[in-house]
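Since chain W is already given, all that's left is putting chains Y and X on it; use the hints.
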Amino acid sequence: MMKEKEIMIGLIFFLALFTAPFWLNVGNSVTAAPEVVISAAAGEECLFSAAEMRERHMQILDEWRTVSVREGKTLDLSAGGAHIGFEENCLTCHANREEFCDACHAYTAVNPDCWDCHHSAGAKS
Amino acid sequence: MAKLPKKAELTQYSLGTAPAPWRETKAELRPGMYCYGAKGKNLETVGMPNARDWSPAEEDWKLPEDWREIILAGMAERLEKYRSFRLFMDICVRCGACADKCHFYLGTGDPKNMPVLRAELLRSVYRRYFTKAGRLGKLAGARDLTLDVLKEWWYYFFQCTECRRCSVFCPYGIDQAEITIIGRELLNLVGLNTDWIAGPVANCYMKGNHVGLEPQTILSNIEFMLDDLETITGKRIEPTFNRKGAEILFITPSGDLFAEPGIYTCMGYFMLFEQLGLDYTISTYASEGGNFGFFTSNEMAKRLNAKMYAEAKRLGVKWILGGECGHMWRLVNQYMDTWNGPADFLETPVSPVTGTRFENARSAKMVHIAEFTADLMYHDKLKLDPARNDHLIVTFHDSCNTARGMGLLDEPRYVLKKVCNNFHEMAEDTIREKTLCCGSGSGLNAGENMELRLRAGFPRANAVREVKEKHGVNVLANICALDRASFPPIMDYWVPGTKVMGLHELVGNALVLDGEIERTLDLRTEELPRRDETAGEGGEAQ
Amino acid sequence: MTFFATVIMPYLAFVSFLAGMSYRVWRWASSPVPFRIPTTCGQQESLPFIRADKLENPPDRLHAFLRMLLEVLLFRSLFRGAQAEKRGETLVFGSAKWLWFFALMFHWSMLFILLRHLRFVLQPVPGWLLGLEAADGFLQIGLPVLYITDIFFLTGLTFLFLRRVALPRLRYISLPSDYLAVLLLIAVGLSGLATRFIWRADITGVKEWALSLVTLRPEPLAAASPAFLTHLILVMCLIAYFPWSKLAHAGGVFLSPTRNLANNSRARRHVNPWNYPAPVHSYAEYENDFREKMRKAGLPLESAEKTEGGAESAAGGLK
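Protein chains in written order, with numbering that gives the first Met the number 0: chain W, 0 to 124; chain Y, 0 to 541; chain X, 0 to 318.
This is chain W alone, in the form it adopts within the complex:
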């Protein structure tokens, strides 16, 4: 009966839709996250550990923005009195925006608005 045919079509549609991640990835060999490349001269210490940075960098930068732009402070006491400065402090080492920032952001579909205001590291170098 026609009705049953419609149900079969619906069911196949449902299965196709929900297994889309599987068949859309057929032949996709690049699944690993991009390697993080640090372009600057080694030796200088980062303000936080790599693990902490990976987890919280956006929150640290967000705090920095608030305390520097809104409160006019220039030192982050929680980071051992480090000088607050995204461009001056971070981007000097991590100058390769494409490899260092964008690669992961693109991988996880994160679209930060840092570059709306700041010069990108890539442009600077």
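Everything labelled a hint here was simulated from the structure, so no lab data went into it. Every value quoted in this text rests on a predicted model; they were computed, and no experiment measured them. Just so you know, nobody snuck in bad clues.
No farther apart than 30 angstroms at their CA atoms in a straight line, the calculated lysine-lysine pairs in the DSBU-like style are these:
#, chain 1, residue 1, chain 2, residue 2
1, X, Lys292, Y, Lys38
2, Y, Lys40, X, Lys295
3, Y, Lys40, X, Lys292
4, Y, Lys80, X, Lys245
5, Y, Lys469, X, Lys85
6, Y, Lys131, X, Lys245
7, Y, Lys234, X, Lys292
8, Y, Lys416, Y, Lys498
9, X, Lys305, Y, Lys40
10, X, Lys85, Y, Lys2
11, X, Lys96, Y, Lys433
12, X, Lys85, Y, Lys5
13, Y, Lys312, X, Lys305
14, X, Lys85, Y, Lys433
15, Y, Lys382, Y, Lys417
16, X, Lys85, Y, Lys111
For chains Y and X alone, kept in the frame of chain W given last:
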């Protein structure tokens, strides 16, 4: 009929719940709320199982030893036969959208009359015996099928008029009517019908109509109507019966042939057909439009319905015209062709007066009289004097079945507005697809359950009272024989002074027949009010 | 252990979901639709001068399909939401669209949230998904950005939960599984928010793991945090439980015969596959019963004498 309770008593309820969880409350069968048990002889006539005399009031319902196995096997069978049943057992999320939509709940406040709970009465048993989770018992909302549960089913499945109002509001379209229909089928497997249903079914099977009119009685009843029509119009109308070779077979519910106010509607039909010179005939064999079999089981409904096509075939008519009736039209629209078709011996209905082909009925070959009459009026084929209905202030009650099982909403309104000048709709939430049931449908219009009917009719009466207070409405027009039978006592009780009239009674009043005498009487042989002078027709008084 | 939680269980849950839903739908579909029983919620198509309401009372399959879309995408029936109240000796009907509003809010949010999660299993992430994320986060509150659908999701669910516990009628009809479903969904939502805002997950690692699953080269997520594991396990419970619970209404609604059929059974014959002949009382038998009375009343007769008019059967699909 027992003495009626006072209004104050009947309105003393709240739309709440009960203190104890519903699964742990035994149904208390209150007199006035249920019908007598089906008599053995009536079940025997049509070969239904467990035919015996019994009384719901007694402890022993005289069930077969293995009633539980019979019911469970019946459920299993119907789960395989009806997708609706299986689906509606599974997908309810108990959102409660239906809870306050049922006129039985609105009129009794009994929580088991919420459609969702009435369905759970059956669902809880389904879960217990037909799902894996049912082993968890109470936690999964499952319960054993005990005698108390069976009695509860009987009590509450005969407190549902299969009106489908809940289904309109349900996000998945779960239709309590469907569940009630199956529930009643299951009950009938062990002989648990009511006599108000079983009696008409037996009558209809043997004699052709619910009220049990034998052929000669049909003729004499109609004779009385024709006498009255002669007095009213000065014309003698002579319909034919069981005539072969007529163009149209006319079938109407037998209530229209039997009692007031249905007969006035029937007189309206006769006047209309006479004026048109319609080539039609009435059958004494297929003399029932309604179908109480539908309130018994699918098979019984099909067996009673079969007479319509069989008689149309025997008489060699071209198509069938159907009178005003509610559940008759749900069945004609949604079941008849499937049960007893294809009606390939009939032709696509064509109005002999206007030439309109009723394409929407091209397979089932049966046309509703409101469609037929609306088409006549649209083509201006009738001379009408709506002023004859000027003393009537009319509101229109949509029958559940024609509204929600067909969608015949505007045809009757079209006709109504042509034949009366004072028409007012009831509140929006109570008309059209949201219409409130009369409360007596699906075989509940007995006398012994009058309290139930008054309660279930209260929401509708409440809406009528509103327009009565606002517009002075004094007529409840309708297109259903059950409405005509059931509303008069309900209106007398809740909204006294409201007459109940079929659509074609109003048509008959307004219809100007060729060669009629000056009309001074309406179809109830009551005097028409004097025309005022400005209408230019003064001096009519006798 | 990690392997079990982050590889075996996800696959099992997913398969249970797909197989379960397919089984349920197949089971429903295996029972036929003997009668064409749409609940008509508007004017039928009959005469040309009477305007038919084709979406509420579909005359054909196209309109039945559109009606279903309206039901599934906009919750048409819930939108009718009316409420009856008893005031003294009268009943008052009023509009009540709250259930519709919050139910729609919750369901649409869930769809968006589900789609947003596709970023973990698609590489590269397609543009429409980025657009969706941007739109969803348009408020730009907080970092990471707070998605409006997360708020809607929890708001909708909270409403659904609260009305279930607060309204006596709802409490009365509710089963334990009704609370379970809504609480499970709330837990999924809250744990998801936690992995975003409180105990943040390393989403780069999560995506590597998720991609490994969908490319069928599964690798366990070694560095899964307790918060993330909680979210993951709750989600797996949800999808594994989904088909076997009332949540299966998501598939069932499409099969509902009162909604997915055209109201045209007078124009096109609907066939019942199990229709069978049933005994009827034939005209011949009727005439035998009443022959004398009919003769006296002047009714035409088929036969002057009693006939062997045996029992006949109503036409059936078997003929």
